[in-house]
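Chains as they are written, first to last, in numbering that gives the first Met the number 0: chain A, 0 to 136; chain B, 0 to 136; chain C, 0 to 136; chain D, 0 to 136; chain E, 0 to 136; chain F, 0 to 136.
The hints are simulated quantities; they were obtained by calculation from the structure and are not laboratory data.
Hints may be right or wrong, so weigh each one.
Unchecked claim - DEER-style ranges, computed between Cβ atoms:
1) PRO81(A) with HIS26(F): 45 to 53 Å
2) LYS36(D) with MET135(B): 20 to 28 Å
3) ARG130(F) with GLN18(C): 32 to 40 Å
4) ARG97(A) with ASP131(B): 38 to 46 Å
Quick caveat: nothing in here was measured; it's all calculated off a predicted structure.
From the three backbone atoms N, C-alpha and C, an ideal C-beta is built for every residue, glycine too.
6 protein chains.
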Amino acid sequence: MTQVQSPTANTDRYQRGWQKLAEVDGHAGEQVIESLKDIAPDLARYIIEFPFGDIYSRPGLDLKSRELATVAALTALGNAQPQLKVHIHGALNVGCTREEVVEVIMQMAVYAGFPAALNGIFAAKDVFAERDAKAMS
Amino acid sequence: MTQVQSPTANTDRYQRGWQKLAEVDGHAGEQVIESLKDIAPDLARYIIEFPFGDIYSRPGLDLKSRELATVAALTALGNAQPQLKVHIHGALNVGCTREEVVEVIMQMAVYAGFPAALNGIFAAKDVFAERDAKAMS
Amino acid sequence: MTQVQSPTANTDRYQRGWQKLAEVDGHAGEQVIESLKDIAPDLARYIIEFPFGDIYSRPGLDLKSRELATVAALTALGNAQPQLKVHIHGALNVGCTREEVVEVIMQMAVYAGFPAALNGIFAAKDVFAERDAKAMS
Amino acid sequence: MTQVQSPTANTDRYQRGWQKLAEVDGHAGEQVIESLKDIAPDLARYIIEFPFGDIYSRPGLDLKSRELATVAALTALGNAQPQLKVHIHGALNVGCTREEVVEVIMQMAVYAGFPAALNGIFAAKDVFAERDAKAMS
Amino acid sequence: MTQVQSPTANTDRYQRGWQKLAEVDGHAGEQVIESLKDIAPDLARYIIEFPFGDIYSRPGLDLKSRELATVAALTALGNAQPQLKVHIHGALNVGCTREEVVEVIMQMAVYAGFPAALNGIFAAKDVFAERDAKAMS
Amino acid sequence: MTQVQSPTANTDRYQRGWQKLAEVDGHAGEQVIESLKDIAPDLARYIIEFPFGDIYSRPGLDLKSRELATVAALTALGNAQPQLKVHIHGALNVGCTREEVVEVIMQMAVYAGFPAALNGIFAAKDVFAERDAKAMS
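Kindly produce the complete structure, drawing on both the sequences and the hints.
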């Protein structure tokens, strides 16, 4: 309803964003978008357009570095556990190793304290177990 | 005065940490350590030993990724501007480009909001100007 | 036991606060107060007296604006999900629309990042569902 | 350089955002955008497009409520003093009274503590003095 | 103007709070209160009444422990440097040693990271220098 | 695998840390360490060596004050509920009374807001109930 942009415009950023979201977050990203459809569909659209269509689609920094930086920031902030898990998946999806993910989370003990690092590691533990279970099934 | 560890032990971690601090932060790091000497010398020692002697000396994640992750986290937390500047220097010292630093700070708009990203960019602007001035002198 | 104020004094602020709490938070507010009775009854009293008896009872800003501001702040801080839900109820109780609540939460993507906004929206989704279920029963 | 969207698209959101930025923040907003031109011009563009072109241009919540919510959130977060000042100006620019601004900042004592509220009030004090000085000149 | 409580009531809490403020923060506390007089006099009154008249006047925890806890919390939060300095003065005023203040700040490296601890130590360094200068004059 | 320190060195800090961890956190601390063994064993080692072997083993501040300061900081930060519970246990283990723990948490309403204090009290309520249940069995 607040969609005042030219359809072409949205199509561009939206499609580029949707592809990037699928590349990085896979099914987990789609689920987040889906869960917003009935309450805040425009927030879903903005997430596709701005973080993924604009930021993650930029040259100048590779996707692996972008995901590690996001895992670092969300571990340090410590108030967005579900999104941290989505991006630990994302980091692994774009080619980071589990060791790299663990290292960047551990490093946050230095900048945000040991509780933040611990809770980040526990999020990684859940994500790794989830992926192991899926790989086995 | 609370130095109860065996001298050998400290020598190892301390020397490894001191070398890593010099490699990453150069003169800026030494100044921080120096400024603690009269009030909290043991905090200076811990900074050399734990973040630099233990964490930054670990294999498993390259120094460039470590510094970008730290720049991301300090930008997102937004309450440690002096340390953010030290690590923007650090990122550049270990081989990150200015573009990579700007990209990782901009990305924080997504995870910690535009004010955090803006203040990170202003810190980078100061650091870049400082380095340009030095290069010219 | 630490009740050293004159009874009259407490009666004034306490009664005004209790009425305001009932007006804004209804049953949910009373439950929070009740849950403190055995462990920190004075904290319950302070909550009634200061936020509700002093702050929310002030002229100069209408209750709807106060509740939207609280929803904004708790979404941005991101570390008090139960209280955010209480105040989403509160905002609706004092006359805000669901759309206004969703808008103010979405806006926090700009100031505290998308994860904070997302978690705020999910809190609103729970609150709206709770109210729908109640309306149906 | 990363401007891959159709020019029409950008023109729409960008122009709408630029007008909203001028309406809300006036000269202060333009200065922030200007200060980014040499280091992160795309961040300047995103600020115009997303917060102002997308979010502040939405129906569903009036501009006064949006600005009060932003003042509340930035006071509570406490780590973006320059942006808080810009938005105290913004709140006054779109029709909020000084009393309303003071009230919403004071209320943050409840949700983010007295130091956050105090530092918000000191920011307001600076902004009010600045506007008084301008009115006199 | 929003002073709707009975004068007796205020007199009790206010006087108790004022005495406690003077005991803990001395002249620095009075200056904060003074600086609020023209913009938010009721916030000044609330600071005297709630933190000092209610909380700091409670039995159950001695003043030294209360001040050390406040120094710990403000160091960890990292977004209220002026208030941290006021409470480092406060801790020393009620009998904590400089070593205890330094120890509690250093400990925050564990819970909020090294930058928070560093900035806390630099605040302490300023406070100690201020007191030394005063002692000499 | 990244264990490059001399065995003697680690033995000293590690053993001192392990004893301190047992003294403060008892079984809960050991469980945290155990849970890290398969994913980040070096983080477990760092927790034993730095917070417990270095910081908590320092003279200059008694263990009761250290634990109260930690409870204050974790309540104020509000993003590490599991660690807050571990340290409420810790405070009681080293001799703090339940009243002191409740007082220090309540005080955080002043510095980090009422929601942070409330969530701290609810953590204390869980811990007290757990200890009562254990005492009865």
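Status of the hints after comparison with the structure:
Here the CB-CB span from PRO81(A) to HIS26(F) is close to 30 Å, at odds with the stated 45 to 53 Å. Range check, LYS36(D) to MET135(B): Cβ separation about 22 Å, and the 20 to 28 Å hint holds. The given range of 32 to 40 Å is respected by ARG130(F) and GLN18(C), whose C-beta atoms sit roughly 38 Å from each other. The hinted window of 38 to 46 Å between ARG97(A) and ASP131(B) holds, with their beta carbons roughly 40 Å apart.
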